[in-house]
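**Student:** Next come the chains, spelled out residue by residue.
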Amino acid sequence: MLGVAASTFCLTIIFLGVTFIGGYFCLWAIMLGDLDIGLFLGNIIGSITGTDVFTLLAKSILPGMLTGAICCDEGLGVGAAATEVPIAAARGVMRAVAALFVTSLLISVMAYL
Amino acid sequence: MNFLGQIGAGVMARMSRAARVTGMLWGVCLKAVRPSTWTPPLRNVLARQILFTGLEATNFIVMIALIVGVLVVVQAQYWLTRLGQAALIGPILTAVVLRELGPLLTNFVVIARSGTAISTELANMKVHGEVRALDAMGLIHSSISSSRGCLAWRLPRFA
Numbered sequence: 005m006l007g008v009a010a011s012t013f014c015l016t017i018i019f020l021g022v023t024f025i026g027g028y029f030c031l032w033a034i035m036l037g038d039l040d041i042g043l044f045l046g047n048i049i050g051s052i053t054g055t056d057v058f059t060l061l062a063k064s065i066l067p068g069m070l071t072g073a074i075c076c077d078e079g080l081g082v083g084a085a086a087t088e089v090p091i092a093a094a095r096g097v098m099r100a101v102a103a104l105f106v107t108s109l110l111i112s113v114m115a116y117l
Numbered sequence: 158m159n160f161l162g163q164i165g166a167g168v169m170a171r172m173s174r175a176a177r178v179t180g181m182l183w184g185v186c187l188k189a190v191r192p193s194t195w196t197p198p199l200r201n202v203l204a205r206q207i208l209f210t211g212l213e214a215t216n217f218i219v220m221i222a223l224i225v226g227v228l229v230v231v232q233a234q235y236w237l238t239r240l241g242q243a244a245l246i247g248p249i250l251t252a253v254v255l256r257e258l259g260p261l262l263t264n265f266v267v268i269a270r271s272g273t274a275i276s277t278e279l280a281n282m283k284v285h286g287e288v289r290a291l292d293a294m295g296l297i298h299s300s301i302s303s304s305r306g307c308l309a310w311r312l313p314r315f316a
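Chains V and Z, in that order, are what the protein sequence lines are. Counting from 5, one number per residue, gives the positions in the first sequence under my numbering. Counting from 158, one number per residue, gives the positions in the second sequence under my numbering.
Next up, chain Z with everything else stripped away, as it sits in the complex (with noise of 0.2 Å):
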């Protein structure tokens, strides 16, 4: 393949990544706007996604905010005070904190934990045929060659 051709084939390869995951997360969405579609099955999963994401991260988030508010709310109060400016404490850990630092590191932390159990999880499913099982028993509407987001979305599990 050529040079042109190799730029060509990454452009293709990103283009169709993200073709997929959009239409994984468009597949998502109409299912979450529709109630009639919220299975007792998918209901508990969710249960369980928002347990093990949310509430079983809870203690390692509290422990990261506390280091974070001693490191950046101190930084900010005592420099503010050297420069004489410490009415300003309010805007400018709304600026560091509440618009940047406090997404930015949650999101950090439920990446690395929980993007990699999902990520494993499905790669493991896929590797030892559970998936195809699944498949086979109907409960997948289309196969995963043909349109792995449409699989995605309609596994209850990964809700």
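Same shape as in the complex, but just chain V (with noise of 0.2 Å):
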């Protein structure tokens, strides 16, 4: 759970960085390099604040440890048939996505709302 925790948060961070650079670098062919990137990165730093912060931490975290658990829960809920084990993986995975909708949107709200 927590080793799933900690590379969400790493994998999160990893996924911003490359989103915001790669649309830079698109943007740049695109416009043909009359933008800097000084100016983009800036303009998107500035607007984070201490809640999106703690927003992102929340998000990432707490959703990565819940799919360790529920993940483990439904893993060891089997019993003895073979036949039982896709069926324990397909409802961790349907558990673990509403566990994590849910906990996005109740993190959105308390923060936001």
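Because the hints were derived from the structure by calculation, they are not lab data. Computed from a predicted structure; not experimentally measured. Virtual Cβ for every residue (Gly too), placed ideally from N, Cα, C. Hints are all accurate, no fakes.
In silico contact screen, one side only, chain Z against chain V (beta carbon under 8 Å); selected entries:
#, residue
1, Gly226
2, Val229
3, Gln234
4, Thr251
5, Glu278
6, Leu279
Computed footprint of chain Z on chain V, listed as stretches where at least three residues anywhere in the stretch have a Cβ under 8 Å from a Cβ of chain Z:
#, segment
7, 18 to 27
8, 63 to 69
Examples of chain Z residues toward chain V, derived with CB under 7 Å:
#, residue
9, Met181
10, Gln206
11, Gly211
12, Val230
13, Gly247
14, Val254
15, Val267
16, Ile268
17, Gly272
18, Ile275
19, Thr277
20, Val284
With the hints as a guide, dock the two chains, each given alone in a separate frame, to form the complex.
**Tutor:** See the structure below:
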């Protein structure tokens, strides 16, 4: 669970960095180089607030931990039949996705409303 | 079972699952804040879990992030420029990518890769009796039937 949570947080940071830098280079290619990267990234970084950082942390770590816990619970909930293994895996994914959406919704509501 | 009984059984089953998951999370958090419980096998398995879930998924995450960056950033810049609000690119990208899309997509990838792997591995261990063997050797504190949560956080490989 801790491993999943830590990995999710690190992957989210990588995702954000690559998204912004990749998006900038695509814009740069389309606009033929008349866009300043400092201005672009400064505009994004300047609009990040403390609430955003807290939300990012919560939305990365909490669903990660929940994913680990839910999948462990489903995996350990099978009986003696091998046919229950794929059912448990599918059920674990569905419940983890549902938990992800509910957690994200709750965190957004608490942080921004 | 009558209709009300079915509703009650469903609610009880969901509450029971929620209690198990909460217990598991609590157990892991308790262990995490006590460095004396970080045994070498547990550290080793934690490192391998991070390697599998984090490092090995990096290439896929980078590919998805590049595609999302091209799609979202270019669309945002295009439409904001047409509306004469190009200065809002920062707040718009922060609201869309940083607050919502980034954590959501990353968690999707983690669930798809590691969630299924964890469930399948544990279920196979249970079916093949490995969990009972660990229990018999005293490596697990309590039996599965009484507390799945306790089992999961005491097994070092699922740290």
